[in-house]
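**Student:** Join these two chains into a complex; the hints should help.
Just so you know, the protein sequences line up as chains V and X, in that order. With numbering that gives the first Met the number 0 applied, the first sequence covers 0 to 437. With numbering that gives the first Met the number 0 applied, the second sequence covers 0 to 463.
Hint data in this document are derived by calculation from the structure and do not stem from the laboratory. Just so you know, not all the hints are guaranteed correct.
Claimed, not checked - Each computed SDA-like pair below joins lysine to any residue, with the alpha-carbon atoms no more than 25 Å apart:
#1 X/27 to V/34
#2 X/27 to V/53
#3 V/340 to V/383
#4 V/7 to X/340
#5 X/27 to V/366
#6 X/27 to V/58
#7 V/340 to X/318
#8 X/27 to V/57
#9 X/27 to V/334
#10 V/167 to V/131
#11 V/7 to V/37
#12 V/7 to V/53
#13 X/27 to V/98
#14 V/7 to X/394
#15 V/340 to X/319
#16 X/27 to V/340
Being a predicted model, the structure only gives us computed values, none of them experimental.
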Amino acid sequence: MSAPALEKLDYAVVQQCMHCGMCLPSCPTWRMTQRERNSPRGRIALARAVADRRLEPDSDFAEEFSFCLGCLACQTACPADVQYAPIFEAARAEVQDRGLLSTPATRFYRWISLRVLFRHPRLLRLAGRLTYWTHFLRLDRVLHSSEAVSLFSPRWHRLLGMIPPVEKRFSHQQIRPVEVPAQPRWRVGLLTGCIQDLAFSRINRDTADVLLENGCTVVTPPEQPCCGSLHAHNGETRSAQELARRLLDLFPLDELDAVITNAGGCGNHLRHYADLLAGDVRYAERAREWDCKIRDIHEWLVALPFRPPTAALPAKRVAYHPSCHLHHGQRVRVQPGEILKSIPGLEVVPLTDATVCCGSAGIYSLTHPVESDQLMEDKVCHLLATGADCVATSNPGCDLQLRRGLAAAGGGKEITVTAPVSLLAEAYRREAGGSPKI
Amino acid sequence: MASSRFSPGSALHTELAAVAGADQVLSKEIDLIPYAFDGTAALRQDPGCVVFPASAEEVSAIVRIAARERIPVVCRGSGTGLSGGSVPSPGSLVLGLQRLNRILETDPRNLTMHVETGVITAAIDEEAALHGLFYPPDPGSIRISTIGGNVAENSGGLRGLKYGVTRDYVMGLDVVLADGERVFLGNKCVKDAAGYSLKDLFIGSEGTLGIITSILLRLLPRPRARRTLVATFPEIEGGALTVSDIIAARIIPCTLEFLDRTTMECVEAFAAVGFPRDAGSLLLMETDGEPEVVEREAAAMAAIALQRGALEVRQAETEEEAIRLAQARRSAFAALARVRPTTILEDVTVPRSELAAMVRFIADTAVRHRLLIATFGHMGDGNLHPTILTDETDAEEMERVEQALSDIVDQTIALGGTITGEHGVGLAKKPYLPRQLGDPGMRLLRQVRLALDPHGILNPGKIF
Numbered sequence: 000m001s002a003p004a005l006e007k008l009d010y011a012v013v014q015q016c017m018h019c020g021m022c023l024p025s026c027p028t029w030r031m032t033q034r035e036r037n038s039p040r041g042r043i044a045l046a047r048a049v050a051d052r053r054l055e056p057d058s059d060f061a062e063e064f065s066f067c068l069g070c071l072a073c074q075t076a077c078p079a080d081v082q083y084a085p086i087f088e089a090a091r092a093e094v095q096d097r098g099l100l101s102t103p104a105t106r107f108y109r110w111i112s113l114r115v116l117f118r119h120p121r122l123l124r125l126a127g128r129l130t131y132w133t134h135f136l137r138l139d140r141v142l143h144s145s146e147a148v149s150l151f152s153p154r155w156h157r158l159l160g161m162i163p164p165v166e167k168r169f170s171h172q173q174i175r176p177v178e179v180p181a182q183p184r185w186r187v188g189l190l191t192g193c194i195q196d197l198a199f200s201r202i203n204r205d206t207a208d209v210l211l212e213n214g215c216t217v218v219t220p221p222e223q224p225c226c227g228s229l230h231a232h233n234g235e236t237r238s239a240q241e242l243a244r245r246l247l248d249l250f251p252l253d254e255l256d257a258v259i260t261n262a263g264g265c266g267n268h269l270r271h272y273a274d275l276l277a278g279d280v281r282y283a284e285r286a287r288e289w290d291c292k293i294r295d296i297h298e299w300l301v302a303l304p305f306r307p308p309t310a311a312l313p314a315k316r317v318a319y320h321p322s323c324h325l326h327h328g329q330r331v332r333v334q335p336g337e338i339l340k341s342i343p344g345l346e347v348v349p350l351t352d353a354t355v356c357c358g359s360a361g362i363y364s365l366t367h368p369v370e371s372d373q374l375m376e377d378k379v380c381h382l383l384a385t386g387a388d389c390v391a392t393s394n395p396g397c398d399l400q401l402r403r404g405l406a407a408a409g410g411g412k413e414i415t416v417t418a419p420v421s422l423l424a425e426a427y428r429r430e431a432g433g434s435p436k437i
Numbered sequence: 000m001a002s003s004r005f006s007p008g009s010a011l012h013t014e015l016a017a018v019a020g021a022d023q024v025l026s027k028e029i030d031l032i033p034y035a036f037d038g039t040a041a042l043r044q045d046p047g048c049v050v051f052p053a054s055a056e057e058v059s060a061i062v063r064i065a066a067r068e069r070i071p072v073v074c075r076g077s078g079t080g081l082s083g084g085s086v087p088s089p090g091s092l093v094l095g096l097q098r099l100n101r102i103l104e105t106d107p108r109n110l111t112m113h114v115e116t117g118v119i120t121a122a123i124d125e126e127a128a129l130h131g132l133f134y135p136p137d138p139g140s141i142r143i144s145t146i147g148g149n150v151a152e153n154s155g156g157l158r159g160l161k162y163g164v165t166r167d168y169v170m171g172l173d174v175v176l177a178d179g180e181r182v183f184l185g186n187k188c189v190k191d192a193a194g195y196s197l198k199d200l201f202i203g204s205e206g207t208l209g210i211i212t213s214i215l216l217r218l219l220p221r222p223r224a225r226r227t228l229v230a231t232f233p234e235i236e237g238g239a240l241t242v243s244d245i246i247a248a249r250i251i252p253c254t255l256e257f258l259d260r261t262t263m264e265c266v267e268a269f270a271a272v273g274f275p276r277d278a279g280s281l282l283l284m285e286t287d288g289e290p291e292v293v294e295r296e297a298a299a300m301a302a303i304a305l306q307r308g309a310l311e312v313r314q315a316e317t318e319e320e321a322i323r324l325a326q327a328r329r330s331a332f333a334a335l336a337r338v339r340p341t342t343i344l345e346d347v348t349v350p351r352s353e354l355a356a357m358v359r360f361i362a363d364t365a366v367r368h369r370l371l372i373a374t375f376g377h378m379g380d381g382n383l384h385p386t387i388l389t390d391e392t393d394a395e396e397m398e399r400v401e402q403a404l405s406d407i408v409d410q411t412i413a414l415g416g417t418i419t420g421e422h423g424v425g426l427a428k429k430p431y432l433p434r435q436l437g438d439p440g441m442r443l444l445r446q447v448r449l450a451l452d453p454h455g456i457l458n459p460g461k462i463f
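In isolation and in its complexed conformation, chain X is listed as follows (with noise of 0.2 Å):
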């Protein structure tokens, strides 16, 4: 391999390593390739090196050599996003923070818990449920997802209907600069008017603004009972009509997710949860709470599905079951990479009102373009995920699959939709930005971008 600017003897090298310790830089080729990708289908980037600092001290002075000599910064957790927002940049020191793995404090009196950027995802819901308390927010990869790149990426979930995505549960966050300066936003307050709300502007920002190496979570008391039903109809519309009728009905559940039947086939032959194989859809509907509350609601949505021609409606019988539902249900993007060699995954939203007409839209995209699309997800807050099964290798199959991606997200521009309900932007997404908000205000972020990195060294190249 030719050597690069961060090969072992290089200055920048020995700096790095004396910051971070010698076995903690990575600079040869088949160390750098493994770290060429994140979870995004087709993308991949070596980058230049790759480091693990060991605190936000380090982070610190890793990035204020970065600075000095210009060179990109690529934030990566554990390589699970799914825009592309951790493929290095060419070139780049991608800033591998798996190490930065502590709880640093449960409070039970304030419902808070402070983490360092590493912890991964549930191990935060497993802590806290050792004080009775409750962390929602569950994306797909949450058993090895860390809580930084779900603060970065503003992740969502399956409980995002009743319990919002990330957003809703940051309370202040220990931000490194783009000069390497440490600031700490926000506090343990409920409410705080003082100035501009600037932790919201780092969660979400996808490691443009600023590397975020702690963050201060809310947490809610856990729900005493929890109630889980799969249901299962003949064709899509009963699916999404039972959906309709429950918010109708003025139930909040926590959980209502759709699954077409090529996702429930691909879904089936990994987990054998015993989803029917003759189905035409599958709604997995969960919710929790007070336990005669609970009790209640499920009644009610049982009878909502078998009012909408439910073919059966099942419940899960213990804690294990439902837990193997949801489990099942979270494998669903990799699950369908069973059918084809590519999966391109989407992550539409639109309002609810408007869900009926996007899913029948898709249908008809995957006819007109002749394309496989199965498509997956939370119907309860309007975010789908049509998955496009394609060949990355096949050229014109893949101009095919861009046509229909660029119809998809128009369709969802003109329902008042957003082109990603919680994957990010990235590199995947980066193309259609500019048609959901329009020149003031692309603008408007390319304006806030400057402000906080001048020199364009934090993941440049994504987003916009």
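So here's chain V without its partners, still in its complex pose (with noise of 0.2 Å):
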């Protein structure tokens, strides 16, 4: 093991917070239970004090980082610009390479997910065919409503619910490698993402779509791994390390004008690659080059800036769900709300506490049930005052969180989910006469 993670950590990143509290209000888990341990400045304090040897990180310490959403609404409200994002993940990577949230249950779990899905593109998507046909065979509702595996063990029984139906046809069977527009004027990569290219790789369609009709050759490698974001936020540096320098060696980043992301929780991970290799001879300066050449979609079209569509779509009202780590991380905040507004037949409606958390935050619904299900049925309950007819949203684990909540809520109007982009690149379809799709 190398040095302790927190005392690796840069010191003027926790002697940045001078405590005042304005990060308290915007603090899910401490509107919770209002202890301070629970708030950001609390977190940051505990941090502090493993950095300075003042505290010993035991299994509360690890519990405590646990139970933060890592949603960031803390660095939005803080006006000293502290970075929380480093602090919790060292903090994490701590918990980690002491071994202190270990069992052999949780062992299991991480080395299933993040040493062997989430590493290997071609065993994820095998995964997810499996899942199809599962879902196709209805053998997913029979699990779900057996007893057996209800009583065997609770939580497989809250897994078996929340795995997301897959899409037939992956990003590789609908992209082609590269495409290009009538007019080109940029060049740029897509990324493709892991859950984003099993259970939505309609939204890369999507995606795809509008860069083209914006003048944008699209770059998309057939076979990318997860970007290591659910490593990193959940303590597994090194794993997140070799993820990285993957993506690095499969776009040709010299020919490309930017690199695109349409998921909230990767972009704010893959804008941040230079620090994660920052001591890695080979890679730190490709890093630095592809941190300078990432952009979120929403960022990207409202930059270029993208051509409002003239074609409307069937009157609806619509909500907008930021992800947070677009909204808080990224710090994309209206670009999605102009995307939407540019498209004709639709009225966005406010959302109350629309950035506040949902409750997905990676694999927290699975980590902390109670406390997921709680933020989530906020969200659903804000959605469901808004009369609005669709919300959207630009994450998958957002997008799979209210789908569940949604659901869940049952009865009422029904409200679908989709994502910003999907609803721009319908509108261009129907500029052409095609089909509608939604």
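**Tutor:** Written out as structure tokens, the structure reads:
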């Protein structure tokens, strides 16, 4: 084991927090408990105490940083610009290095997910294919309603209920490695993600379509590994570094004006490869260049600027749920709304507490089911109050959580879940008189 | 961690848990470390335990235990204080009062509101607004600070010039005394000449005389109109002279806030409200009241600013923009923490006629001691916040910081000012209090404290 992660962290980062308390009202876990330990400044104080060697990290410390959603709402609230994300990641790495949350069950879950599936795109796609057929044959419902599974392990039971429906065709089956528009002006890479690739390959296709529609040649390597954000958020720094290097090798950076991501959670991690690979002689320079070229799709479109669609969608009210890592992490805040407002036929309705986490937060819905469900129910309650017909979001975790929450709420009006780029792509298709797909 | 007298299983822990509930008593190291500080830089002390009572009765029961055992008791709301008033004393029992968070009564016929001590300040004005009423004090931390903390520190805010400070809105207090006894001081009467004004003794007492558990507040009718202006100047003096001219023109705006260049840059970096990056100083001006008067005063203030060489005077177009501007200003102190690791905020206040001299002195002090000092503050009421941007781990620089602070305090007192306008003395300004009050003043303070807290268990070590 190398030096403890929190001692390696630049001390100025923890020192930056002058504990004014402005972050407290923004923090979902503080709002639940009103305890300082469960607040951003409390957690920073604990991280600082460990860095100072005043506190020996134990299972309570581990649980505290596991309880944190990592939603980064505190970064938006912080006038002093404290970078909570690196503190949070270092603390989780410290916990992981010391094996503080290690039980046979958690080791198994971590191994199967972080080490196996999310490091090997082919295995992940195989799992996706199996899932597709399981859903197709309705085996999932049999398993989910089986009392045996529920008795054997409530967590497995919950997990089964959360496995997303998988698309029939994955991204590489829908997007060619290079697609060229009629009048190319820019050349961009497209990141297809891991979960996004399986469960939301349609959104990837829509992303490629809106890029093509706006003069971008789209370069999409067919087999892309996970970006490593799951690993970095869960203390697996080495795996995160390995995955970052693989992605860096995959894209011809010199030929590209930008590399486009359409998943909020991934984007925030993808922008910080330079920090992740700072000590890597071979990759540090390339990682810096990469960070400069990463663009969230909404950010890229608005900066171009994109062409507003001329065809109207059937009239509907849409609410926008910002992914935490897009809004608080990447600070892409107004662009998704601008895209939605540009589409004729859509009325964008305000959402109460829009910038509060929906409780998805990576694997949080598995590790903290009660708190995750509470946040999900709050979100659904606010969504239902808007009278919206659909909710647009731009992160696979949020998308799945909103679907799960809306389905659980049942009754009343049905609210569909979609993405801003999907609505934009659909409006462009209607210009050409294409068949509506929504 | 070494076990303490508060550890689970101890008689004391059991007794406290019996009062507040086992889950409302914290004594593990990991739970205590996050209660070692408030919003003040470079102060840290772990408490012995933290207890969260849910009612005045529970507060009283806990204080009786503490009095019997001679345990120091430190009150805490949201921990946003700026003088170290709620930083724990060694081995102390911290009373976390945020669970006393009910609004007990709003009385529109008497223009009062009765609230528990842990209610968030902003929630009070929001509740008042539902009745067309107004609670004016608005400290920078309004969205998270508790009213009990505001009363204990006699907090101010952006509207002090026209509306005064927290003290001006307190009509009554429910207090738990050092022996656990409860007393209500004050009433809903506008006039009251019965005996000493005891409630006033507890306002600004910083938790050293008693524990405030509920407060009867005075409200005002809500102003019908409000205008917010931002004027920028090429240098510092333009802003200061505009303030003097506005007061001389017999205008009492509700807000006249001053930001120097460094503060402006930091606030803009955080809030992105469109402050220009090339100006030397900025005034945020607000007038409220009847619509015709407000329009007239806003026009007059804009004209004065332009006469004094303002580069630009901008008027907020919407209520949302006005709120965003005021909120941006409230972030000034924390936003300054972007520049250096440690942010030491001062709170000196001088008679308004001496403002220009004080601002000049602060600038000279920064040069003399080779320090970076940003200044912002409530120009309209003479309350300045010179903020030293430094690094607590640099011992040599911290020595210069101490000298600069000492110089600023001496000059403040020489100009007839006070070492703290709205943050309280706490620990941070404790060394300077004797210079301002002198021996007779300090003696009086001691006599009062001894009379009310003979065993010295209430927030010991604070103020003096």
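**Student:** The structure should be examined with respect to each hint, and the outcome stated for every one.
**Tutor:** Hints versus structure:
In summary, the hint linking residue 27 of chain X to residue 34 of chain V is supported, as the alpha carbons are separated by about 13 Å, within the 25 Å threshold. Distance hint between residue 27 of chain X and residue 53 of chain V is fulfilled; the C-alpha atoms sit about 14 Å from each other, no more than 25 Å. Straight-line distance between C-alpha atoms of residue 340 of chain V and residue 383 of chain V comes to about 21 Å, which keeps the hinted pair within the 25 Å bound. Among the hinted pairs, residue 7 of chain V with residue 340 of chain X is consistent with the structure: their alpha-carbon atoms are about 18 Å apart, no more than 25 Å.
As the CA atoms of residue 27 of chain X and residue 366 of chain V are separated by approximately 24 Å, the hinted pair is consistent with the 25 Å bound. Straight-line distance between C-alpha atoms of residue 27 of chain X and residue 58 of chain V comes to about 13 Å, which keeps the hinted pair within the 25 Å bound. Restraint check for residue 340 of chain V and residue 318 of chain X: the C-alpha separation of about 23 Å stays at or below 25 Å, so the hint holds. Among the hinted pairs, residue 27 of chain X with residue 57 of chain V is consistent with the structure: their alpha-carbon atoms are about 12 Å apart, no more than 25 Å.
Under the criterion of a C-alpha separation no larger than 25 Å, the hint pairing residue 27 of chain X with residue 334 of chain V is inconsistent with the structure, at around 45 Å. A distance of roughly 7 Å separates the Cα atoms of residue 167 of chain V and residue 131 of chain V; the hinted pair therefore holds under the 25 Å criterion. Between the alpha carbons of residue 7 of chain V and residue 37 of chain V the distance comes to roughly 24 Å, so the proposed pair stays at or under 25 Å and holds. Between residue 7 of chain V and residue 53 of chain V, the direct Cα distance comes to roughly 16 Å. Compliance with the 25 Å bound is thereby established for this hinted pair.
Between the alpha carbons of residue 27 of chain X and residue 98 of chain V the distance comes to roughly 21 Å, so the proposed pair stays at or under 25 Å and holds. Annotation: proposed proximity of residue 7 of chain V to residue 394 of chain X holds, straight-line Cα distance about 23 Å (limit 25 Å). For the hint linking residue 340 of chain V to residue 319 of chain X, the alpha-carbon distance of about 20 Å falls within 25 Å, and the restraint holds. With a C-alpha separation of about 52 Å, the suggested pairing of residue 27 of chain X with residue 340 of chain V is violated against the 25 Å cut-off.
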